[in-house]
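**Student:** Sequence:
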Amino acid sequence: MTQSTKFKSLKQTALSALLQLFRKANHLTQTLQRVAVELVVKYHLEIIFGSIAASYLFGLAFTLFEFDAEVRRKLHPFYDGITFQGGTKWNGYVTVANFVYGLMEMFSKLMLMIAGGTAIYFGVRTMIFIPCAIIELLDMVDYWLVRNGAWFTMDRFIIFNNWEFEFNYIKIGLILTFCYTEWKRLRYTGSLV
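Residues 1 to 193 (my numbering) are what the sequence shown spells out, left to right.
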């Protein structure tokens, strides 16, 4: 057997093994896709109401935990700032609190879009988005009146010292209650389309 023949044989074996590996990977990918679709079809109500609950619960993190609101940092690696019309230049540095709040808002919108898109795709007859809209309207009024500040402060509440009661706690309680009752109605009363 010549050197050229050995190389061709080795090349053929390697290509055959690579092709077999790609076939197995393709089969695994198709199986995972099938399982994912089956799970989404089976648990689409949980996806809808879980996404809504996650949207509001993520906002609770910003309310319960304090983030640095004084020191500005470069948290946007590919943003160098902007020069405004008057010539004022902003270097793009933001506080951690500002950065986390922006991410929180985007995550919240993402979760609501997932919930809405899933509900529309599966034709789920739910009115959950109406209470969400009303609660958001009330949250805007709260922001306008007290800038989402505390209504009152308690010296000690469960594990928190100087706990400030805000509208956000009422909002989350209402949303979780609405999500649970609507999920239960749709899942257990046969009200699915």
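Just so you know, these hints were derived from the structure itself, not from any lab.
Here the structure is a predicted model, which is why all the values come from computation and not from measurement.
You may find that some hints are simply not true.
Claimed, not checked - Derived pair list, reagent style PhoX-like, types lysine-lysine, alpha-carbon separation capped at 25 angstroms: (1) K109 <-> K184; (2) K89 <-> K74; (3) K184 <-> K171; (4) K11 <-> K24; (5) K184 <-> K42; (6) K24 <-> K109.
**Student:** Run every hint past the structure and note whether it holds.
**Tutor:** Consistency of the hints with the structure:
no.: 1; hint: K109 <-> K184; in the structure: holds, 24 angstroms
no.: 2; hint: K89 <-> K74; in the structure: holds, 15 angstroms
no.: 3; hint: K184 <-> K171; in the structure: holds, 20 angstroms
no.: 4; hint: K11 <-> K24; in the structure: holds, 20 angstroms
no.: 5; hint: K184 <-> K42; in the structure: holds, 15 angstroms
no.: 6; hint: K24 <-> K109; in the structure: violated, 38 angstroms
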